[in-house]
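The primary structure of each chain is shown beneath.
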Amino acid sequence: MENEHKPTSRRQMLKYTAQAGLGLVAVGALGLASRSDWLGKLISLQQKSTGLPSFRLRDISHQAGVAVTHQKVLLDHKLDNIMPWMASVGAAVSAADYNNDGFIDVFVSSSGHNTACHLFRNNGDGTFTDVAAQAGVADLNREGGVMDAVWGDFDNDGWPDLYVVKWSAPNQLFRNNRDGTFTDITGSSGTGYRGNGNAAIWFDYNEDGLLDLYIGNYFRPENDLWHLHTTHIMHDDFEHARNAGPNVLYRNNGDGTFTNVAPQLGVDDRGWTLDVGACDLFNTGHMDLYLANDFGQDMIYKNNGDSTFTNVTTHALPIDTRKGMNVDFADLDGDGYPDIYVANITKPGYLVEGNFLWHNNRDGTFTDIAPTLWVDQGGWGWGGKFVDLDNDGVMEIVALNGFVSAGSGDYWFQLGTMATTPGIVIDDSRNWPPIGNDSISGYEHSRLFAKQGDHYVDIAEEAGMTDLYDGRGLCIADYDNDGFPELFVANQGAPFLLYKNYPQQRNHWLGLRLIGTGRSNRDAIGARVTVTAGGHRRVKWVDPGSGFASQSDRRLVFGLGALKSIDTIEIRWPDGRVEYAKGLPTDRYHILREGEVNA
Amino acid sequence: MKLTIKGQVEERQALPLPGRSPRRTHRRRAMVIVLSVLVLFVAAAGGYLVFHPRVQPLSLPALPAHLGIADLGLANWQDYQRPFPADPLSNPNLSQSPRANVALALLEDAAGQALIRQGQLDRGLAYMQAAAQAEPDNLRYTNDYRLALRDHGRYTEEETFFSHQAQLFKTPNTVISLALVYVDEMRACPKPPDGLVCQAQNSSHSISILDDVLAQHPYNIIAHYARGLNHLYWPSLMGHLPKAQVDLQYAVALTQPLESISRAFTPQAYAALGDVFAKDGQIDTARNVWLNGETVAPGASILDSRLGIPQDQLVNEENNSLRGLGVYVDTDLTIFWKSGR
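Sequence order for the protein chains is Y and S. First residue of the first sequence? That's 1 in the numbering used here, and the numbers climb one at a time after it. First residue of the second sequence? That's 600 in the numbering used here, and the numbers climb one at a time after it.
You may find that some hints are simply not true.
[Unchecked claim] With a cut-off of at most 27 Å between alpha-carbon atoms, the simulated DSSO-like pairs for lysine-lysine come out as follows:
# : chain 1 : residue 1 : chain 2 : residue 2
1 : S       : Lys937    : Y       : Lys347
2 : Y       : Lys347    : S       : Lys842
3 : Y       : Lys582    : Y       : Lys500
4 : S       : Lys769    : S       : Lys937
5 : S       : Lys769    : S       : Lys842
6 : Y       : Lys564    : Y       : Lys451
7 : S       : Lys842    : Y       : Lys302
8 : Y       : Lys451    : Y       : Lys302
9 : Y       : Lys582    : Y       : Lys564
No wet-lab data here; the hints were simulated from the structure.
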């Protein structure tokens, strides 16, 4: 058979040429792709998907009747050039069942002159009523401005009392009259420290069964911010400032009066304290102090167990030049030693500090593991709390942020230039460039870090926490007693938010309200509870009001996941007594009274 | 006959193949070959254009025609290249106690370094200080002494000594040394991400000192490079990158007159200038700078490693590992006069 040689037709010729051309285009496209890396970007986008959280958060502030807007302070006009900075704190929120009806109520601050604070009484039906005026705790801004508030039963009568921290006016202590009203006993109690504080906690440092009061101060007390005699009021260094007002420790004398013992105990720290926390950091049974200090070193004061403290900072922590804003505690690994979350500030392109997650090394030292766990990038941090939102037994971390959300200009450049130019006297506010209507780390997204594998991912947006307000106080409280905590968010100069928790699956839980007796304070602040279930230990402490401008629900909720029962509960009361409980049914709250628990 | 196109084709197909002339067949073969070669050529050219790095000339500042080494601030370069005396500690000319003597300076510098290697830090530093005092304007001795102090964390002594020298002599070299002291002192700040303000303040100090030097000596290569690096390490949004670009463009331009005495600095200058653009996200421009560097300093590892970084990681690498606050700058000046690459 003859092997026919077919000639290449013009059409085939065109076809081959076209194929060659296509090949060239493909080669070129691949080359361009390798240069622009769009393929890599596409792949990384797909990898970013984190999966859905097992809960949803939705703001129900309007339906719940808590939709109020925080009003800022307006200080002496000598501070006009930096007024947005100065007026950037004060939005606070604190939870307690002040009327003992079994439902958590919340105090919400306002700070502007003559603006009213709010006491939202929980109606038990998902709504709240503002009863501040009739309770006598609304009109607190006639002199000075409210910055923080903390509930504590200082007289052990079973009714929470309220301490209010203010700028440039005496702080105020309100005794609960047990009838829905309060009496201002500031004068008789001697607790009216006239400073410029931002934080306070109730804790029994000397273990006499009476709650004492620690106050973290910011500007020096001699500076009345509404009537300034000098503009030299600011921090004198951005990394090592120690020229703030001294902190105060009011010892409860047991007779309705208090005495400031901070100087004699050496805890009158002069750092720019923005938040105070206390927990048993060294597992000694005593409550130690952690101070989140702005512009410099955070501090740890170890409670020696004999009514004295030792400053152990240099041993416990590395050098810290960051801007401490918030402190909260949780035992992340079930070893019985609390780990610590501290908010600092981060602004990519300017200053990347990163938040701390201090891992408790159980030897008196702490190591920052926030970068390893990816919980360091929190923006300009404020209130931050550990919380198990889905009761799976693993803590999430909620971190609020945002400093000044205003116009499109950015003050960071001026701020950075001032901070880094040697020779500028920064403690004089007149030397600060005017802020005008610029933003400073404004409009930031809150973070909700959820554990995924060996690290955390931010699921705030997916979970529904989408607001861009300047978050300050963060209160975790189960206002509807369903065992799944809600987030009460106090925003600076912006609407108050109540993020209700809608769990996607009903994990089991155990809720405990502790009542101390004998040598323990009645609120049982400092008590440690260890729940063992399914072979795992979960450890929590009754909190004194840690967290920037906030106080969470003091009841302890243990997430159990799929476990329907627990094995044991160990309670170490503030006075050292240890009791055990067994067989408590899950998915409900229990009241445990000291001395009556042992199974 | 009116034929449709289809009919034409059909007609053609219907026609019996003529006895094809070999000539026609060859012509077609030739056409196929020519077209194939053409396609291959186009493919090769396209591939070259797409894949082969194209090096565009850099935009650099114009320099005066007769710029000399002295204008660069390296008038004494030959002194800087003199070899150390062998076995300085056994040299009979070495006095028991250090003396600031020009004739002994080289020996004392060498002896000081030898003593430090033996663990006699204080004695070694004393000899090196004597050498630096003997010739305050000699960059070699001051550089060696400053680095010795830096490497042993003696930052306070470093600042005291060089502040005094700068105040006393006010020469460009003594002032430049003081500017470099502040860069060294950044190592004394808390470890990043703490201490960033501390580092930035030191950098500001250094920059302001170098501003004065360059106002008087606009072609001083060391001052340009040191100030350019100072600017380069700042967080991008603080707006220092354009200033870094200007200084480092000068540094690159000045490598040309410098090459007559040393080529060690050349790749460093190109790397730094490319880093300015990379840090700013101008990846192609950065790579072009580094490729330009490779043409004048082929095989330079600092340039190779830059070009090897995946492009989507460059900005991050620049900010965190290469040129960010917290990455310490090596202020060793020997790259300006070292022989060879």
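Structure versus earlier hints, numbers of those that do not hold, lowest first: Violated hints (numbers, rising): 1, 3, 7 and 8; every other hint is consistent with the structure.
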